[in-house]
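Each residue of the sequence shown is one higher than the last, beginning at 1 in the numbering used here.
Quick caveat, the hints were computed from the structure, so don't treat them as lab data.
Be a bit skeptical, because a hint or two may be false.
[Stated by the list, open to error] Listed next, the in silico DSSO-like pairs over lysine-lysine satisfying Cα-Cα at most 30 Å (straight line):
| # | residue 1 | residue 2 |
| --- | --- | --- |
| 1 | K334 | K345 |
| 2 | K207 | K256 |
| 3 | K334 | K207 |
| 4 | K256 | K334 |
| 5 | K345 | K318 |
| 6 | K318 | K334 |
| 7 | K345 | K430 |
[Unchecked claim] Here are the in silico distance ranges between beta carbons for each label pair:
| # | residue 1 | residue 2 | range |
| --- | --- | --- | --- |
| 8 | A59 | A26 | 29 to 37 Å |
| 9 | A434 | E140 | 48 to 56 Å |
| 10 | G143 | A457 | 56 to 64 Å |
Beta carbons are placed, not taken as given, at the ideal position from N, Cα and C, and that holds for glycine.
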Amino acid sequence: MAKTKTLFICTECGNETPRWQGQCPACNEWNTLVEEMAPTRKRAARAGVPEIPGVPPAAPMRLREVEGSEGARWSAGLEEFDFVLGGGIVPGSVVLVGGEPGIGKSTILLQVAAQLEAAGRRTLYVSGEESALQVKLRAERLGGAAGDVTALAETDLETILLRAAELTPEVLLVDSIQTVYTAELEGAPGNVGQVRECAARLQRYAKQTGTAVFLVGHVTKGGGIAGPKTLEHIVDTVLYFEDSGGLDHRVLRATKNRFGGVDEIGVFRMTAEGLVAVPNASALFLGDRALHASGSAVVPMMEGSRPLLVEVQALATKAPYGAPQRVSTGFDHKRLSLLLAVLEKRAGLAFGQLDVFLNVVGGTRIVETAGDAAVAAALASSVFDRPMPEDAIVLGELGLGGELRRVSQVERRLAEAARMGFRTAYLSPKSRPARLPEGLSVIEVEDVHALVGRLFA
Numbered sequence: 001m002a003k004t005k006t007l008f009i010c011t012e013c014g015n016e017t018p019r020w021q022g023q024c025p026a027c028n029e030w031n032t033l034v035e036e037m038a039p040t041r042k043r044a045a046r047a048g049v050p051e052i053p054g055v056p057p058a059a060p061m062r063l064r065e066v067e068g069s070e071g072a073r074w075s076a077g078l079e080e081f082d083f084v085l086g087g088g089i090v091p092g093s094v095v096l097v098g099g100e101p102g103i104g105k106s107t108i109l110l111q112v113a114a115q116l117e118a119a120g121r122r123t124l125y126v127s128g129e130e131s132a133l134q135v136k137l138r139a140e141r142l143g144g145a146a147g148d149v150t151a152l153a154e155t156d157l158e159t160i161l162l163r164a165a166e167l168t169p170e171v172l173l174v175d176s177i178q179t180v181y182t183a184e185l186e187g188a189p190g191n192v193g194q195v196r197e198c199a200a201r202l203q204r205y206a207k208q209t210g211t212a213v214f215l216v217g218h219v220t221k222g223g224g225i226a227g228p229k230t231l232e233h234i235v236d237t238v239l240y241f242e243d244s245g246g247l248d249h250r251v252l253r254a255t256k257n258r259f260g261g262v263d264e265i266g267v268f269r270m271t272a273e274g275l276v277a278v279p280n281a282s283a284l285f286l287g288d289r290a291l292h293a294s295g296s297a298v299v300p301m302m303e304g305s306r307p308l309l310v311e312v313q314a315l316a317t318k319a320p321y322g323a324p325q326r327v328s329t330g331f332d333h334k335r336l337s338l339l340l341a342v343l344e345k346r347a348g349l350a351f352g353q354l355d356v357f358l359n360v361v362g363g364t365r366i367v368e369t370a371g372d373a374a375v376a377a378a379l380a381s382s383v384f385d386r387p388m389p390e391d392a393i394v395l396g397e398l399g400l401g402g403e404l405r406r407v408s409q410v411e412r413r414l415a416e417a418a419r420m421g422f423r424t425a426y427l428s429p430k431s432r433p434a435r436l437p438e439g440l441s442v443i444e445v446e447d448v449h450a451l452v453g454r455l456f457a
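Assemble the whole structure, with the sequences as input and the hints as a guide.
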């Protein structure tokens, strides 16, 4: 009896090697190689026979000979979902939705399917993790047109494609890609080879038929989407659900989008009737703000093309033990250490004997450097134990010399601040826009020393 051949596949880049190594030779990541059976096909595809039932094989042609034009996008019926996608669902696109277990991936896709059915678009919801009865019970909780969605409890890819060829849906939703398998490959569902092959087959189905395909993806312990990185390269759009630290709202972020902006976010609130869009995210994140507490500052951040006001809280207290602590949530701890050094050197604030705790409220995170000045202001407010003006925002990047640098899209940030009732903005003179929103004044500060002096003179 012939011995079964095995390969070692990298879960990060999908590289295949014949033997195990501690480090992947392609992407140089450590401990990412997993052993799997060699993907030997049980049958070879015959020449001229299409892989998708009822769809003729593709033929090469010049671009000028390609017929058709960009079609209108389909509305998903959820405004925030359409916004994250870049304006709606693109026919023939493949969208991967990832997130922690129980965060709402299946719920929002069933809601999207119900809205599409109500708009007259045929959908097929394929569930590999739940039975048709379980999907029905969730549809009854959601109400509306969810009961009109066509459901299929199946994990075999060939059966799924066959049923899709019979029903010809305009939107195909697969929950989840880790449960789908093809009989042409050996190995259990969910392994790297099966996930990669099934995603590639579904991608070809979407491109050849014009059907929009949504895939639900599991996540690893590190928070990344399970399977090789090639899974994210295959699809057109990657949406990731982010938890908000135990609160009832969810953030849907586009980490890749061939048809729209990257890092666009949509904010939803989880209710008994499903996910409900939050039209004013800034009000949500600032709703519980304490107006007269020290160590608090507000900064307008850009999430894709959307301005969002978030609160930064800082606490600096005397260290009861030897080495002081540096703890940050929602902000890079290395960047925090850099800002502490700048404040000590350029503004004369001593943090050597102080524990420092930093938190970005609402479960959000600050990635761009435009939040440096707000973090510095919150830290200084905690050191002096004096609150900042309640109607002020702080905006700017801090250099190692203590200077405040300009930031992008200042007009949109200030307009959002003025809409939320803020009246004063502290920023660099180089960032001052040509036109200010009505009711908002700007105080120009050259460096962090001047910023601390103007706020806590």
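Tested hints:
no., hint, in the structure
1, K334 / K345, "17 Å, holds"
2, K207 / K256, "18 Å, holds"
3, K334 / K207, "44 Å, violated"
4, K256 / K334, "26 Å, holds"
5, K345 / K318, "19 Å, holds"
6, K318 / K334, "21 Å, holds"
7, K345 / K430, "23 Å, holds"
8, A59 / A26: 29 to 37 Å, "33 Å, holds"
9, A434 / E140: 48 to 56 Å, "55 Å, holds"
10, G143 / A457: 56 to 64 Å, "57 Å, holds"
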